[in-house]
Amino acid sequence: MKAEEAFPEQSLAPWVPVVGLEIHAQISSNSKLFSGSQVQFAAPPNSLVSFFDASLPGTLPVLNRRCVEAAVMTGLALNCSINKKSLFDRKHYFYADLPAGYQITQQRVPIAVNGSLSYSLCIDNKMSQMVTKTVRIKQIQLEQDSGKSLHDDTRSQTLIDLNRAGVGLMEVVMEPDMCCGEEAAAAVRELQLILQTLGSSQAVMAEGQLRVDANVSVHHPGEPYGVRTEVKNINSIRFLAKAVDYEIQRQIEELENGGTILNETRAFDSKLGCTVPMRDKEGKQDYRFMPEPNLPPLILYDAKSLPANMNHQQVVNIDWIHKRLPDLPSVKRAKLVEQYGILPEHSFTLLNEDGLAEFFENVVKQTQMKPKKVIGWIIKDLLSHLKQHSLTVKESPVSSFLLADLLNLLVKKDISSTAAKQVLAELWKGEGKTPLEIVKEKKLGLIQDQKELEQICQAVIDRQENEVMAIKSGNQKVLNKLIGLVQRETQGRSNAVLVRQILEKKLSE
Amino acid sequence: MWALRLCRGLRAVPVPPVRALRSAVPPRPAWQHGEPRPGPQQQVTAEVLGQLEHLALVDFRDAEGVERLQKAIRFADQLREVNTDGVEPMDSVLEDRCLYLREDDVTEGNCTEELLKNAREKVEEYFVAPPGNIPLPKVEDQETFLQGS
Chain A
1 MKAEEAFPEQ SLAPWVPVVG LEIHAQISSN SKLFSGSQVQ FAAPPNSLVS
51 FFDASLPGTL PVLNRRCVEA AVMTGLALNC SINKKSLFDR KHYFYADLPA
101 GYQITQQRVP IAVNGSLSYS LCIDNKMSQM VTKTVRIKQI QLEQDSGKSL
151 HDDTRSQTLI DLNRAGVGLM EVVMEPDMCC GEEAAAAVRE LQLILQTLGS
201 SQAVMAEGQL RVDANVSVHH PGEPYGVRTE VKNINSIRFL AKAVDYEIQR
251 QIEELENGGT ILNETRAFDS KLGCTVPMRD KEGKQDYRFM PEPNLPPLIL
301 YDAKSLPANM NHQQVVNIDW IHKRLPDLPS VKRAKLVEQY GILPEHSFTL
351 LNEDGLAEFF ENVVKQTQMK PKKVIGWIIK DLLSHLKQHS LTVKESPVSS
401 FLLADLLNLL VKKDISSTAA KQVLAELWKG EGKTPLEIVK EKKLGLIQDQ
451 KELEQICQAV IDRQENEVMA IKSGNQKVLN KLIGLVQRET QGRSNAVLVR
501 QILEKKLSE
Chain B
1 MWALRLCRGL RAVPVPPVRA LRSAVPPRPA WQHGEPRPGP QQQVTAEVLG
51 QLEHLALVDF RDAEGVERLQ KAIRFADQLR EVNTDGVEPM DSVLEDRCLY
101 LREDDVTEGN CTEELLKNAR EKVEEYFVAP PGNIPLPKVE DQETFLQGS
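These protein sequences, in sequence, are chains A and B.
Under the UniProt record's numbering, the first residue of the first sequence is numbered 1, with each subsequent residue one higher.
Under the UniProt record's numbering, the first residue of the second sequence is numbered 1, with each subsequent residue one higher.
Among these hints, one or two may not hold up.
Footprint (simulated), chain B over chain A, 3 or more residues, beta carbon under 8 Å [stated by the list, open to error]:
1. 58–72
2. 155–167
3. 296–305
4. 308–321
Keep in mind that the hints were calculated from the coordinates and are not lab data.
C-beta: ideal position from N, C-alpha, C; glycine also.
This is chain A alone, in the form it adopts within the complex (with noise of 0.2 Å):
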């Protein structure tokens, strides 16, 4: 029997994951989208609402410029072109969160449109081989957040705190252009920093100021897109890798079996690993989409559109912000490499810890050491230190002076870089002491005295017989080991060049 014929031709052919996603990132501003109330992570329930936010009746919005002014700022960093003139829409849907029964959105026009998100990943987990991708940003759109539900099972009833109901968010909406929960996971985190570069929000996922929705589908090259099923529930950038990954393989796993994906919504259950149907979004939703009556279109200048006389306060020029944009993390990351001679990689490690790069250049600003060698201590002892203690760069007990301190008696060869690491260690103690004062106190400088080391060296020589018959006879490998049992009975005080150079000198006497 030939091979064809043993199985279908269809699951020979390799399937075709294709990932988008949208991600609504909630701005940072003080005051809400539409009213003026205020804008706060865990406040006491329903104490940072309005009578708009709970939709009384005659209330209406009131648009607030700094949210405007952080939507055209993300766009113009997604390289998107912005609408001059956007449009404000309703969008219905039933819930208790929702006390108007709609939610403001872009849905026609929406603020910016058409950009691109460069990121790159590691192929084959290796730091060294990084790939820049490139997915295209279909939108950006200015939208209220709702509020939150609190599910009591036990009582059967659902408690509602509108401090989040119309928080401003923009909506950012990426074509289909990825396809595995790797590249999903690289795009949103660039996407993070850029937003916290910029300050548009400060996009923590575990306080729900970046929230991603996955939609997943799979299909044989050269056919159609298979049918999608959007992924919710993804509260940090490690899940939605695993649900990416997970809804891809449940989906060619479906349609080998002889399956169908049904067009549905599902949730990331993080302890299960796995994603469900959700319930409640089932079925075909009708979101009912009208123009927002209350809401004239919202207007944008640039140099050339901006009117002579007009109020100041009721201008966002788009050319005032693009000159004002900060350098993004794909900048940064360039000029570390340029200025510092460091590798690309470690120039992803800098701007991967809030604060990093900064400490960095602040200790190659105070230390002699250069910075292709400094950089190998942040990354390899101070940010595993930090890791190991679960500490942000801003908590580490180590500031930049000291470690620059630190690695400025390595360079004067006052002490040796095992005994560096001692003093780190002193160091992270948080004691107040400075690095001298530990190398005095632990005695961890080198041996200066020439004549001290050369007995030692003599010693072990004397000690290690047959050691010393290999290197005679040619293996020169084995001086290594010479060095390393000196180093160990200075605890780490000798310098190791100058140890070879007695241990050669006395061995071809």
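Model the placement of chain B on the given structure of chain A, informed by the hints.
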């Protein structure tokens, strides 16, 4: 006094006939509210009914409810009678106005007690709502009801 005279003055001016000629509104009503409407009637199927109930959380489950819905559709259908050929659509009478932009200052909130006065039920500082959307009977059950009515 001045305003009143102005008003009277305006009323005295005859309306130019040009506007009436161009009007898209037919001069005579095509049908009266309550009469059976000429042209195709929107049929309310059990499926449409189910979807509407789900969306609006309104119960149509009696003959009166269905009749009320059909009347509402007939009423709204009058809009189709208006000839809008060549008329540019508009979203709102405000659409050529400036959209006022507010400074990002906190000026409202902190009125939990006052807000919760409107709540029928509350727990601590929370509004209390039913658990999720009210579950409705499946479409099949409604079909038997519709056939029965």
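Okay, the hints, checked on the actual structure:
{"no.": "1", "hint": "58–72", "result": "holds (count 7)"}
{"no.": "2", "hint": "155–167", "result": "holds (count 7)"}
{"no.": "3", "hint": "296–305", "result": "holds (count 4)"}
{"no.": "4", "hint": "308–321", "result": "holds (count 3)"}
The earlier numbered hints are all upheld by this structure, with none contradicted.
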